[in-house]
Amino acid sequence: MIGQSPLRTVIAHAVLILGILIVAFPIYYTFVASTQTLQTILRPPLPLLPGDQFWNNYTEALFGGVGRIGGVSVGRLLLNTTVMALGIAVGKIFISILSAYAIVFFRFPLRMVFFWLIFITLMLPVEVRILPTYKVMVDLGMIDTYAGLIIPLIASATATLLFRQFFMTIPGELVEAARVDGAGPWRFFFDILLPLSRTNIAALFVILFIYGWTQYLWPLLVTNSSNMNTIVIALRKMVSFADADTQWNLVMVTAMLAIVPPILVVVLMQRWFVRGLVDSEK
Amino acid sequence: MTPRVVFPNKILPYLLVAPQLAITLVFFYWPAGQAFYQSMLRQDPFGLRTKFVWFANFRKVLADPAYLNSIKVTVVFSLATAIVAMCVALLLAVMAEKVVRGKGLYRTLLIWPYAVAPAIAGMLWLFLFNPSIGSLAYMLRSFGIAWDPLLNGTHAMILLVSAAAWKQISYNFLFFVAGLQAVPKALIEAAAMDGAGETKRFWTIVFPLLAPTTFFLLVVNTVYALFDTFGIVHAVTGGGPGKTTETLVYKVYNDGFVNLILGDSAAQSVILMVIVISLTAIQFRYVERKVHYG
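Quick mapping for you: the protein sequence lines, in order, are chains A and P.
Counting from 841, one number per residue, gives the positions in the first sequence under the working numbering.
Counting from 157, one number per residue, gives the positions in the second sequence under the working numbering.
Hint data in this document are derived by calculation from the structure and do not stem from the laboratory.
Misleading hints may appear alongside valid ones.
Derived DEER-like restraints, expressed as beta-carbon distance ranges [as the list claims (entries may be wrong)]:
| id | chain 1 | residue 1 | chain 2 | residue 2 | range |
| --- | --- | --- | --- | --- | --- |
| 1 | P | GLY300 | A | LEU858 | 20 to 26 Å |
| 2 | A | ARG848 | P | LEU261 | 15 to 21 Å |
| 3 | A | ASP892 | P | PHE440 | 54 to 60 Å |
| 4 | P | PHE440 | A | THR1009 | 29 to 35 Å |
Each residue gets a CB set at the ideal place from its N, CA and C atoms; glycine is no exception.
Please work from the sequences and hints to get the whole structure.
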């Protein structure tokens, strides 16, 4: 280890603290704004410390119902978003672990064709096929349904590729041993493969949960009724800078409620998160 | 790939890939095919007749000054976002490598913007910087800067880039930290013994060895700025003021969904598809092979 002058260490700490201030400030300030009265918010600059309206604002937003979002309670919005995020995470893991299992542990005609068909979806994000996909949704009657929010987003190549990569590191001897012992493909899948994949599944789950929670374009397209909006979309509808009667204090509470759950997931499951991020992008 | 031990079942593998394949075909290939087909159709203004026009839509789109403008906007926006996000993240990662105490805490505090939806990131920044009630806008004005992102295109772009880059810092930070940890300590120590100072060591050893990470992040950040930032643009500026922040993805959405010009929108989708395919190809060609320049 090379010695380092104390001055440089101090500078390093100073830069990091400055970085954290920049990174954390918008979120902290949202929290501050969510604890102020509307009048305080409308007269900048906003104080740097939280105000005394925490309970008032949060109970008002959670139980009073916020008018601008069509009378839909924040609870309902959070429920929609949670269902969507969990559905995407679980669904994606489920279908991609199965298809990766088939592609790695079986030999069958068209195997590579299927692999490429899945792989190429990497290059077809929603953004490049907005209208036709919307039309498919309308034809299938999936507008304003949870299925519509979830199913089209659970097919993607990244998770399949990740599982495939991991499965290929599993030694053939293990499969052979299982077969000698009379284990069929299902037995092998549940008793050996799933337990071995636990860390990958956990890591992927965190990433996909965040992915689902932060979706914007897709819920914007497939939800018309305010009842089915996710919290991100609803927040967008509440915000109007031109409008004098935007209830900023309640908007800020909603913003906090929209960002705290995924932040908690990232911070509390940090180990899986970092792993999932670095692995799934390799 | 070495030949593996496999299960002999004939039907089971098809059942296993079926769910993913079904969803892929219905929600990816069919709509993508439709986009291709529609990109060669043109409807009359009342939507009564549809004509097959080959590549006329593409010619029209590519000759449209509004489209060329949105290409320019997208390039400026993507490059600025990628560069800002990467420079800040690299600086923070290098600093984090130096400290011993509080490393974990710093990391925890730096990664949370990753969890914030791009659209919300945009709204938070707009809240801070909007001319009527934004506290930081108030500060800027008290310094004598006529700050107004709602009327001034350059200011709007700065706001979008800040919000987009802010959200991406965490991601880049984690990858740079991983990249820095992979740099062999022996090389750095050898250089130190030869009398190279810290700055020189960074630019002649660490930075070149980070090249694969940097290149990978450049591609990922560009893709992020191209596509995932739709929410930021939609929530913060709506492409305005004027068309100064109308990115390609926003224009596809706006032309197709709001203005209902289907042929043009589809042609733009196809052009975007070509862009994604080339970026993905670049990513896999150079990144998957893990080229090292060191």
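Hint check:
1. Checked against the hint of 20 to 26 Å, the C-beta distance between P/GLY300 and A/LEU858 comes to roughly 24 Å, which is consistent with it.
2. One distance hint, 15 to 21 Å for the beta-carbon pair A/ARG848 and P/LEU261, holds here, with the actual separation near 20 Å.
3. Taking 54 to 60 Å as the suggested C-beta distance range, the pair A/ASP892 and P/PHE440 conforms, at roughly 55 Å.
4. The hinted window of 29 to 35 Å between P/PHE440 and A/THR1009 is violated, with their beta carbons roughly 20 Å apart.
When held up to the earlier numbered hints, the structure conflicts with hint 4 and nothing else.
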